[in-house]
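Asks: Each chain is listed here by its residues.
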Amino acid sequence: MPAGTLYRGREGMWSWVAHRVTGVLIFFFLFVHVLDTALVRVSPEAYDTVVATYKTPIVACLEYGLVAAILFHALNGLRVIAVDFWAKGARYQKPMLWTVVVVWVVLMLGAIYPVLGHAARVVFGS
Amino acid sequence: MSTTETSSGVSPVEGAAVYTVDNPAPVIQPPRQRTKKTPKSTRGNFEMYGWLFMRLSGVVLVVLVIGHLLIQLVLDGGVSKIGFAFVAGRWASPWWQVWDLLMLWLAMLHGCNGLRTVINDYAERAGTRLWLKALLYTATVWTILLGTLVIFTFDPNIR
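Chains as they are written, first to last, in this note's numbering: chain A, 1 to 126; chain B, 127 to 285.
Isolated chain A, as found in the complex (with noise of 0.2 Å):
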């Protein structure tokens, strides 16, 4: 490892690190995801096979995740783009990144329900 890899350890900073992690996680989830899909070509039953394994409640709180990093790693995109191409986006990008993480926070609180209901209705009967 090289040293002092820890760098300023500011918003900044951890914005980037999340931008990174989310990016990677969504990437290997689209190989997935364009296989999954690829069974359309192979027969319906096989299709229909895998994707029921998504509406499973496990396989819906990783969904939720799945949504949590989208929608992060995209609202953080929108920020940086404003910080390279607003001329004063790098001396807003701290209330950005608060504006970021708050629009994030309520549209995670409404994605609880379309996501999470279901997995709800078969954990808990209903």
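Wrong hints could be hidden among the right ones.
Calculated from the model, a selection of chain A residues having no Cβ within reach of chain B, i.e. all distances over 12 Å [unchecked claim]:
| hint | residue |
| --- | --- |
| 1 | 10 |
| 2 | 11 |
| 3 | 12 |
| 4 | 87 |
| 5 | 90 |
| 6 | 92 |
| 7 | 97 |
| 8 | 102 |
| 9 | 105 |
Some but not every residue of chain B turned toward chain A, in silico, with C-beta under 10 Å [claimed, not checked]:
| hint | residue |
| --- | --- |
| 10 | 185 |
| 11 | 196 |
| 12 | 200 |
Calculated from the structure, these hints are not laboratory results. No residue lacks a Cβ here, since even glycine has one placed at the ideal position from N, Cα and C.
Following the hints, put chain B in place on chain A, whose structure we already have.
Replies: Same frame as chain A, now just chain B:
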């Protein structure tokens, strides 16, 4: 403030201005200044175009992917409605075929370039970088080709 105004632009050091109009500061050559010996082009602008692509594709992907999430996970019963019949219904329309094709290509290339950056940052040995990137490019090309083939050759009456 007791400092006296000088025309040198340099504040007094230990009581006396170092540089004045009559005694100007030496001119230092800027780093990486282009000289007659500097080649016209060194390595091209690949990294700049890569940087620009990440931002342009990123904006388009925000729209495509969030729209995709809304349709697949939120609207009309969420993920529980998805099955072969649902896919067949959507890919009957060229609009969604183009949407998914564009999303596939942009997301794969965006992710490939992102992971290339990550490999360059953390893999310290040249051989490790080479093999990881060879694996990355192979997986990316195969996945893009597979996805494209599936969208273009989808047959709703396969059975």
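Asks: Determine for every hint whether it applies to the structure shown.
Replies: Hint check:
With a least beta-carbon separation of about 19 Å from chain B, residue 10 (chain A) lies farther than 12 Å from that chain, consistent with its non-interface assignment. Listed as a non-interface residue, residue 11 (chain A) keeps its Cβ farther than 12 Å from every Cβ of chain B; the least gap is roughly 20 Å. With a closest Cβ-Cβ approach of about 17 Å to chain B, residue 12 (chain A) is found to remain outside the 12 Å limit, as its non-interface label requires. A cut-off of 12 Å between C-beta atoms confirms that residue 87 (chain A) is not in contact with chain B; the least separation is 16 Å.
Consistency note on residue 90 (chain A): stated as away from chain B, and its beta-carbon is indeed over 12 Å from all of that chain's, at 15 Å minimum. The claim that residue 92 (chain A) is not at the interface with chain B holds, since no C-beta of that chain comes within 12 Å of its own (minimum 18 Å). Every C-beta of chain B lies more than 12 Å from that of residue 97 (chain A), the closest at about 17 Å, which supports listing it as non-interface. With a cut of 12 Å on Cβ distances, residue 102 (chain A) stays outside the contact zone with chain B, its closest approach being about 17 Å.
Every C-beta of chain B lies more than 12 Å from that of residue 105 (chain A), the closest at about 16 Å, which supports listing it as non-interface. Using the Cβ-Cβ criterion of 10 Å, the hint placing residue 185 (chain B) at the interface with chain A is satisfied: the shortest such distance is roughly 7 Å. The criterion of a C-beta within 10 Å of any C-beta in chain A is met by residue 196 (chain B), whose closest approach is roughly 9 Å, and the hint holds. For residue 200 (chain B), the suggested interface contact is upheld, since its CB lies about 4 Å from the closest CB of chain A, less than 10 Å.
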